[in-house]
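A.B. asks: Can you make the complete structure from the sequences, with help from the hints?
Here the protein sequences come in this chain order: A, B, C, D and E. If you read the first sequence in our numbering, its first letter stands for residue 1, the second for the next number, and so on. If you read the second sequence in our numbering, its first letter stands for residue 1001, the second for the next number, and so on. If you read the third sequence in our numbering, its first letter stands for residue 2001, the second for the next number, and so on. If you read the fourth sequence in our numbering, its first letter stands for residue 3001, the second for the next number, and so on. If you read the fifth sequence in our numbering, its first letter stands for residue 4001, the second for the next number, and so on.
Hint data in this document are derived by calculation from the structure and do not stem from the laboratory. In this text, all values refer to a predicted model and were calculated from it rather than measured experimentally. Treat the hints with care, as some may be off.
[Unchecked claim] In silico lysine-lysine, DSSO-like type, Cα no more than 27 Å apart, as pairs:
#: 1; chain 1: E; residue 1: Lys4134; chain 2: E; residue 2: Lys4102
#: 2; chain 1: C; residue 1: Lys2030; chain 2: A; residue 2: Lys108
#: 3; chain 1: D; residue 1: Lys3185; chain 2: C; residue 2: Lys2147
#: 4; chain 1: C; residue 1: Lys2050; chain 2: C; residue 2: Lys2030
#: 5; chain 1: E; residue 1: Lys4030; chain 2: E; residue 2: Lys4239
#: 6; chain 1: E; residue 1: Lys4031; chain 2: E; residue 2: Lys4217
#: 7; chain 1: E; residue 1: Lys4099; chain 2: E; residue 2: Lys4167
#: 8; chain 1: E; residue 1: Lys4142; chain 2: E; residue 2: Lys4099
#: 9; chain 1: D; residue 1: Lys3147; chain 2: B; residue 2: Lys1108
#: 10; chain 1: A; residue 1: Lys160; chain 2: A; residue 2: Lys123
#: 11; chain 1: E; residue 1: Lys4264; chain 2: E; residue 2: Lys4031
#: 12; chain 1: D; residue 1: Lys3050; chain 2: E; residue 2: Lys4286
#: 13; chain 1: C; residue 1: Lys2185; chain 2: D; residue 2: Lys3147
#: 14; chain 1: D; residue 1: Lys3043; chain 2: E; residue 2: Lys4075
#: 15; chain 1: A; residue 1: Lys189; chain 2: A; residue 2: Lys110
#: 16; chain 1: E; residue 1: Lys4142; chain 2: E; residue 2: Lys4102
#: 17; chain 1: A; residue 1: Lys14; chain 2: A; residue 2: Lys160
#: 18; chain 1: E; residue 1: Lys4286; chain 2: D; residue 2: Lys3043
#: 19; chain 1: D; residue 1: Lys3043; chain 2: E; residue 2: Lys4297
#: 20; chain 1: D; residue 1: Lys3050; chain 2: E; residue 2: Lys4075
#: 21; chain 1: D; residue 1: Lys3050; chain 2: E; residue 2: Lys4134
#: 22; chain 1: D; residue 1: Lys3147; chain 2: C; residue 2: Lys2147
#: 23; chain 1: E; residue 1: Lys4134; chain 2: E; residue 2: Lys4286
#: 24; chain 1: E; residue 1: Lys4167; chain 2: E; residue 2: Lys4239
#: 25; chain 1: D; residue 1: Lys3185; chain 2: C; residue 2: Lys2185
#: 26; chain 1: A; residue 1: Lys247; chain 2: B; residue 2: Lys1247
#: 27; chain 1: D; residue 1: Lys3147; chain 2: C; residue 2: Lys2008
#: 28; chain 1: C; residue 1: Lys2147; chain 2: D; residue 2: Lys3008
#: 29; chain 1: E; residue 1: Lys4297; chain 2: E; residue 2: Lys4075
#: 30; chain 1: E; residue 1: Lys4297; chain 2: E; residue 2: Lys4264
#: 31; chain 1: E; residue 1: Lys4105; chain 2: E; residue 2: Lys4167
#: 32; chain 1: E; residue 1: Lys4075; chain 2: D; residue 2: Lys3030
#: 33; chain 1: B; residue 1: Lys1160; chain 2: B; residue 2: Lys1110
#: 34; chain 1: E; residue 1: Lys4239; chain 2: C; residue 2: Lys2050
#: 35; chain 1: E; residue 1: Lys4264; chain 2: E; residue 2: Lys4026
#: 36; chain 1: E; residue 1: Lys4031; chain 2: E; residue 2: Lys4239
#: 37; chain 1: E; residue 1: Lys4217; chain 2: E; residue 2: Lys4297
[Claimed, not checked] Chain E residues, not near chain D, derived (Cβ > 10 Å throughout):
#: 38; residue: Ser4044
#: 39; residue: Lys4102
#: 40; residue: Lys4167
All residues carry an ideal CB built from backbone N, CA and C; glycine is no exception.
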Amino acid sequence: MDPVENGTKISIRKVSKIFSGKQGEVTALRELSLDVNEGEFVVIVGASGCGKTTLLNLVAGFDAPTRGRILLDGEPVTGITPECGMIFQHYALFPWKTVQANVEFGLKMKRMPRSERRNRAAKFIDMVGLNGFETTYPHHLSGGMKQRVSIARSLANNPKVMLLDEPFAALDAMTRQVLQEQLVRIYEKHRKTILFITHSIDEALLLSSRIVVMTARPGRIAQEIVNDLPYPRNADVQLSNRFMEIKRTIWESVQAEVMKSMEVETDQR
Amino acid sequence: MDPVENGTKISIRKVSKIFSGKQGEVTALRELSLDVNEGEFVVIVGASGCGKTTLLNLVAGFDAPTRGRILLDGEPVTGITPECGMIFQHYALFPWKTVQANVEFGLKMKRMPRSERRNRAAKFIDMVGLNGFETTYPHHLSGGMKQRVSIARSLANNPKVMLLDEPFAALDAMTRQVLQEQLVRIYEKHRKTILFITHSIDEALLLSSRIVVMTARPGRIAQEIVNDLPYPRNADVQLSNRFMEIKRTIWESVQAEVMKSMEVETDQR
Amino acid sequence: MKDHQTGKSLIIGIASLLVFLTIWELVCRKGLIEPLFLPAPSKVLSRAVKMIDNGQLIAHTLASTRRVMVGFMVSSLVAIPFGIFLGSFGFFRAVFDPFISLLRPLPSMSWIPLSLLWLGITETQKYAIVFMGSFAPSLLYIIEATKNIDPLLIRAARNLGASRVDVMREVILPGSLPQIIAGLKVMLGIAWTCIISAELVAARQGLGFMIMNGKEYFQTDTVLLGMVMISITVLIIDVIFRRFERRLLPWTQ
Amino acid sequence: MKDHQTGKSLIIGIASLLVFLTIWELVCRKGLIEPLFLPAPSKVLSRAVKMIDNGQLIAHTLASTRRVMVGFMVSSLVAIPFGIFLGSFGFFRAVFDPFISLLRPLPSMSWIPLSLLWLGITETQKYAIVFMGSFAPSLLYIIEATKNIDPLLIRAARNLGASRVDVMREVILPGSLPQIIAGLKVMLGIAWTCIISAELVAARQGLGFMIMNGKEYFQTDTVLLGMVMISITVLIIDVIFRRFERRLLPWTQ
Amino acid sequence: QPEKVTVVYGGSSWLGHYPAWVGIEKGLFKKHGLGVLFQNFYASSGRMGSLVAGDVDVASTGCISAIALMAAGTKAFMAFGTQDSYATVEGIIAKEDIKDGKALKGKRLAAPFASSAHVLVLDILAQNNLDPEKDLTLINLKVNEMPAALRSGEIDACAAWTPHFNKLLHMPGHHLLVDDTQFSLYQEYRIGPGPDLLVVRTEFAQQYPNTCRAFVKGYFEAVDLLTHDPEACAEVLVKLTHLSMADQMAVLRDITWIPGNQQKALMIEPGEFVTGMQQLARFLVKHGQIDNVPHVKDWIAERLVP
Ligand SMILES: Nc1ncnc2c1ncn2[C@@H]1O[C@H](COP(=O)(O)OP(=O)(O)OP(=O)(O)O)[C@@H](O)[C@H]1O
Ligand SMILES: Nc1ncnc2c1ncn2[C@@H]1O[C@H](COP(=O)(O)OP(=O)(O)OP(=O)(O)O)[C@@H](O)[C@H]1O
Ligand SMILES: [Mg+2]
Ligand SMILES: [Mg+2]
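C.D. replies: What follows is the structure, given as structure tokens:
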């Protein structure tokens, strides 16, 4: 067992991931290393196809790294673990379960008694402001409401780490803003360790305590920026000079990588 | 025939649209009036469900207004007309046709001879930078490339008016930026009359010559802002004070409408 | 507006059916077609009245319906859990795959000789024909249905602490249910084909028997009546099925 | 990796088939099952050798295959254009809807009496059985396929200047083609059921005849061989169909 | 005393099943303490399948079906008698312009395949040196479809048995080409292409010998009744055959019933019927209908023959 620094929650060590498909091998990640401390809100940005989702899948244990390893609380990740709650871009709610039943799902899997899990689910449905929708099926909810159910479902399961893969990308700008604020409130209240992927630099700035920029594929860390913007990050903060400054830095860094990845895309043809 | 102001391309006059469905009637638009001059780039923003798509469908002739009328060059719109080229959010490319055949489609419908339409299609494929992809099926293209094909297909048909319904919403931020720039270039070169719908205020600011903010449902015009930002609207312009100022104005106006629409949504329950 | 349109379609449909029946009747009355080849609709109707009176029509219809339902229920009750199981575990799917592939193309008719040898001429034999004719296609359909489940949902469930068996019960079963039910509707049609075949052989009741018997006695009106009865029965069962479907799948509207 | 897995599945499948055949053979050799009820696989094989030698197996298989293919082709060639037409024009769909609904549930078997009256004992009668058994379901399937076309594509085409007839040819036909072809694969299975039924009556060739004749003479091995031949033939036609499908739908990979 | 009081009999409306029906309707089995259940089967193969499968205890069947089953190697049934001897209940009917067997060349001839009529056709064709594959078109058709097919001109000739045979005979423009007396084995062994055979399930015969003996007694009493009082029998038979009284009597007149006291001579000593069946088996193999020649004598239940 490697010694773990105090407070390091997730430790990604020289991880490579190679997919071998019909058209040969694709190196999605190459020797990527990253440490995330307990209670950090790390946002990862990077060009499309640079390996962000792959990285998150490895942390969640959906897939195993080709080389290198990933430690959670100092223990290697060997399989799917409920300790890392994943929130997907397209919500991944169970369409055949009501809001209530969706939120209860993890608890049911733990064989928690019915009444207990009902209470616990109610608490989290309340937290995301969906009281009154308990018996509604996901089908009848708007995108934003679905994502809130998905967040409640994950929180009810009390994961130590939350992994979010472009959770708000499918939502319109207004709904997005509301959910961003809600996520920040939850983060402040529960102090989870959060790994969050986005394409939007604005979103990264609004949410993160640290921003990680990935290189074009094969993905590695291009730059890390500690986000020291003050809370709450309201409209004033968003129009402040410091905001603009950080945004410009990241923008340039990302743009350089996007250019690289576009060259690659053209080459492939 | 009403007299038409010189240069007025589209004239929307006191248009109402009521949908009658199973759950009763929905008034999507109420007495909305808007004039668009030739060569204008009008961007419409508004809360989700306020009737933007409905308005565009009426202009394109896909649907008829319940009350009021829409004039195109002074003539009332009575059916689907190729004069208003529509570009859809999800591209609406024909999956069974190659890029070439997709771009040729409108010309084929006009019974243009094969060689002539081949040349004309090539020109527009070139314009959107997709040379080399002529024989590719849409299935193999990225979202951004698909939207470029859709733009080329529309342009090849030489519509007087272009209608775009959140054309870039499904794309990632980087691709989006590239296409926005391309659209501005096309607009500057061909001086089409453009009606463009978006949820993104940044996008509206970047593209428009005029911005129209719609009210929550039933949709009407809440505010119109002439966008006097200088071209090219590069990063410097986007970080300028004038940009911030217009953005803040629109933001406040839109937010007020979003709040109204959210109240409505909660009421419905 | 949708309702309005459906209503309009229905009226057009009924009108066109009536026009068709009238022309048919007239053609027959004029003697343009020999009644042996095609009796007039009124003849078929009077045959129906006669057979309703003596209770035979109902008896034949019920006999066939009962056989279809029993065979089909047993087939579904075995195929659904087994299909879900095979859909969840790739190894067992591979084990059973060749058998399913070989059994699926076999028309129910081809089971008649073996079923007769094994079961004799009993009601069980009729059920068996329905079972054999619909089991393999059902199973295949169910396995296909499980493949169409969004793998993200399986990941989500596992991520929330579900075991593989939990996934089978909580995700794969409900997730494939809409498609399974759609498939079972098709299978029910196949089951009808099966029973008509089975009733050809040593049956004394059922719509298949009625048609074949009508043919023996050159009662073309009885043959047509039997065919119409099959259609109507299937349509009625379809409607019932659809009711049932809505109950079972509350989340789809 | 996918290829690798398919290969593995195939090996498991073959192994399980071999194990099954071995057990079956052993059970028969030990005399645990009377050969009249279930002959050993080796018996079926030696029957196959005998019937290949005297050319009968090939003759029966080709006879059935030819009937299926002719009936099915004619049915498809009529159903596709007609289905696309009905799918494009709501009015005509409403006109024909009651007939399709009434014809669809009728098993091909039930057409045998009428077809015999109308066409006599000819090859045409066999084709007609296949046609009647598969036409209505095909038509329904094709109409369903046209309904699944993204209405946005129709709007886009109209917006680019396409007339209603253009839309039919350029959007509705190609757009529903993948689903139509998937449906035709199912229909081909139904066509096989039809022909086996048709060959029951007044046939002196074909796999259906072979099975029935085998049954009359209590040659269970012939019956089983006939069943295996149906499976194999359908599987081979499936493979050919899939080839053909790829040609016809280049845009789907 | 019978060990078991119910016997399941497999039959149909074919004349070979008349004695069993008469026995039931006239209470002849009941007299011997038996309840006999008459199960209807269209096809001989289905009936025999059920017998072997154990659903039927006693049945009457065509010889061909029985020989095929023997050739398949099953010992699950035994034969104990033959109840009728007939000629002229089966034959080939042809258009009038077809004068003799040779004239069948190039015509369309229908017969139900795998039946006695089929065998008769194969034999007549062989006698006339006609190849069924090349010299004419042989059509597989059920007997009940023949009148329509003949009338519409789809076929030129057909081979059938009674009662359709009688109907066909009376159709204008047609005549009897050959009947079963011209079957090659008939001339030598007095056996037609498809005489009826009484069979019992082997297991049943072993388990309930007294029941079987009682059945045989009742059965041949019915045969005697059919011979001596056909009118009384016809009255109950129309319930089985749905024929008119007159037609029923006409059919009965054509049948020669073989009483119980002649069975021993036919089945065992000298056993000319068995020898005939043995020849029939050879004949079937020769014409490629079955694979091997069974030793028919092994299937005779000598103890049950009256
Ligand atoms: N299962 C797989 N098999 C083969 N290649 C894969 C697989 N999953 C991902 N890849 C490849 O790995 C690379 C990284 O993919 P990944 O989905 O992690 O990118 P991403 O950063 O999440 O992109 P996006 O922003 O578009 O979601 C891509 O080039 C992709 O094609
Ligand atoms: N065909 C229809 N039948 C009934 N109601 C409809 C129909 N089309 C739209 N509506 C209703 O009309 C209102 C306006 O819809 P529309 O699609 O124009 O909104 P939008 O502004 O485009 O929204 P979004 O930003 O989500 O695309 C909505 O409340 C919608 O539910
Ligand atoms: Mg991703
Ligand atoms: Mg819209």
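A.B. asks: Each hint needs a verdict: does it hold in this structure or not?
C.D. replies: Results of checking the hints against the structure:
1. With a C-alpha separation of about 14 Å, the suggested pairing of Lys4134(E) with Lys4102(E) holds against the 27 Å cut-off.
2. Distance restraint check for Lys2030(C) and Lys108(A): the Cα-Cα separation of roughly 73 Å exceeds the 27 Å cut-off, and the hinted pair is therefore not satisfied.
3. Under the criterion of a C-alpha separation no larger than 27 Å, the hint pairing Lys3185(D) with Lys2147(C) is consistent with the structure, at around 19 Å.
4. As the CA atoms of Lys2050(C) and Lys2030(C) are separated by approximately 24 Å, the hinted pair is consistent with the 27 Å bound.
5. At roughly 19 Å between alpha-carbon atoms, Lys4030(E) and Lys4239(E) fall within 27 Å of each other, so this suggested pair holds.
6. Note on Lys4031(E) and Lys4217(E): the hinted pairing holds, with a Cα-Cα distance of about 10 Å set against a maximum of 27 Å.
7. Restraint check: the Cα-Cα separation between Lys4099(E) and Lys4167(E) comes to about 20 Å, which is no more than 27 Å; the hinted pair holds.
8. As the CA atoms of Lys4142(E) and Lys4099(E) are separated by approximately 24 Å, the hinted pair is consistent with the 27 Å bound.
9. Pair hint Lys3147(D) plus Lys1108(B) holds up; C-alpha atoms about 25 Å apart against a cutoff of 27 Å.
10. Among the hinted pairs, Lys160(A) with Lys123(A) is consistent with the structure: their alpha-carbon atoms are about 18 Å apart, no more than 27 Å.
11. Between the alpha carbons of Lys4264(E) and Lys4031(E) the distance comes to roughly 24 Å, so the proposed pair stays at or under 27 Å and holds.
12. Of the pairs offered as hints, the one joining Lys3050(D) and Lys4286(E) holds, with about 16 Å between alpha carbons and a cut-off of 27 Å not exceeded.
13. Using a Cα cut-off of 27 Å, the hinted pair Lys2185(C) and Lys3147(D) holds, with the two alpha carbons roughly 19 Å apart.
14. Using a Cα cut-off of 27 Å, the hinted pair Lys3043(D) and Lys4075(E) holds, with the two alpha carbons roughly 19 Å apart.
15. Between Lys189(A) and Lys110(A), the direct Cα distance comes to roughly 25 Å. Compliance with the 27 Å bound is thereby established for this hinted pair.
16. For the hint pairing Lys4142(E) with Lys4102(E), the CA-to-CA distance comes to about 24 Å; that is within 27 Å, so the pair holds.
17. A threshold of 27 Å between alpha carbons decides the hint, and for Lys14(A) with Lys160(A) the separation of about 23 Å falls inside it, so the pair holds.
18. Among the hinted pairs, Lys4286(E) with Lys3043(D) is consistent with the structure: their alpha-carbon atoms are about 21 Å apart, no more than 27 Å.
19. Straight-line distance between C-alpha atoms of Lys3043(D) and Lys4297(E) comes to about 26 Å, which keeps the hinted pair within the 27 Å bound.
20. Distance restraint check for Lys3050(D) and Lys4075(E): the Cα-Cα separation of roughly 25 Å lies within the 27 Å cut-off, and the hinted pair is therefore satisfied.
21. A hinted pair counts as satisfied when its Cα atoms are at most 27 Å apart, and Lys3050(D) with Lys4134(E) qualifies at roughly 22 Å.
22. In summary, the hint linking Lys3147(D) to Lys2147(C) is supported, as the alpha carbons are separated by about 24 Å, within the 27 Å threshold.
23. About 18 Å separates the Cα atoms of Lys4134(E) and Lys4286(E), which keeps this hinted pair within 27 Å; it holds.
24. The straight-line distance between the Cα atoms of Lys4167(E) and Lys4239(E) is roughly 20 Å, inside the 27 Å bound, and the hint therefore holds.
25. For the hint linking Lys3185(D) to Lys2185(C), the alpha-carbon distance of about 18 Å falls within 27 Å, and the restraint holds.
26. At most 27 Å may separate the alpha-carbon atoms for a hinted pair to count; Lys247(A) and Lys1247(B) meet this at roughly 17 Å.
27. This hinted pair checks out: Lys3147(D) and Lys2008(C) have alpha carbons roughly 18 Å apart, not beyond 27 Å.
28. A hinted pair counts as satisfied when its Cα atoms are at most 27 Å apart, and Lys2147(C) with Lys3008(D) qualifies at roughly 18 Å.
29. Distance restraint check for Lys4297(E) and Lys4075(E): the Cα-Cα separation of roughly 12 Å lies within the 27 Å cut-off, and the hinted pair is therefore satisfied.
30. At most 27 Å may separate the alpha-carbon atoms for a hinted pair to count; Lys4297(E) and Lys4264(E) meet this at roughly 13 Å.
31. For the suggested pair Lys4105(E) and Lys4167(E), the alpha carbons sit about 25 Å apart, so the restraint of at most 27 Å is met.
32. For the hint linking Lys4075(E) to Lys3030(D), the alpha-carbon distance of about 17 Å falls within 27 Å, and the restraint holds.
33. Our distance criterion of 27 Å between C-alpha atoms is met by Lys1160(B) and Lys1110(B), whose separation comes to about 16 Å.
34. A distance of roughly 21 Å separates the Cα atoms of Lys4239(E) and Lys2050(C); the hinted pair therefore holds under the 27 Å criterion.
35. Only pairs whose Cα atoms come within 27 Å are accepted, and Lys4264(E) paired with Lys4026(E) is accepted, the gap being roughly 26 Å.
36. Between Lys4031(E) and Lys4239(E), the direct Cα distance comes to roughly 22 Å. Compliance with the 27 Å bound is thereby established for this hinted pair.
37. Between Lys4217(E) and Lys4297(E), the direct Cα distance comes to roughly 23 Å. Compliance with the 27 Å bound is thereby established for this hinted pair.
38. Its closest Cβ contact with chain D, about 8 Å, brings Ser4044(E) to no more than 10 Å, contrary to its assignment away from the interface.
39. The claim that Lys4102(E) is not at the interface with chain D holds, since no C-beta of that chain comes within 10 Å of its own (minimum 22 Å).
40. Consistency note on Lys4167(E): stated as away from chain D, and its beta-carbon is indeed over 10 Å from all of that chain's, at 18 Å minimum.
Violated hints for the displayed structure, listed by number in ascending order: 2 and 38.
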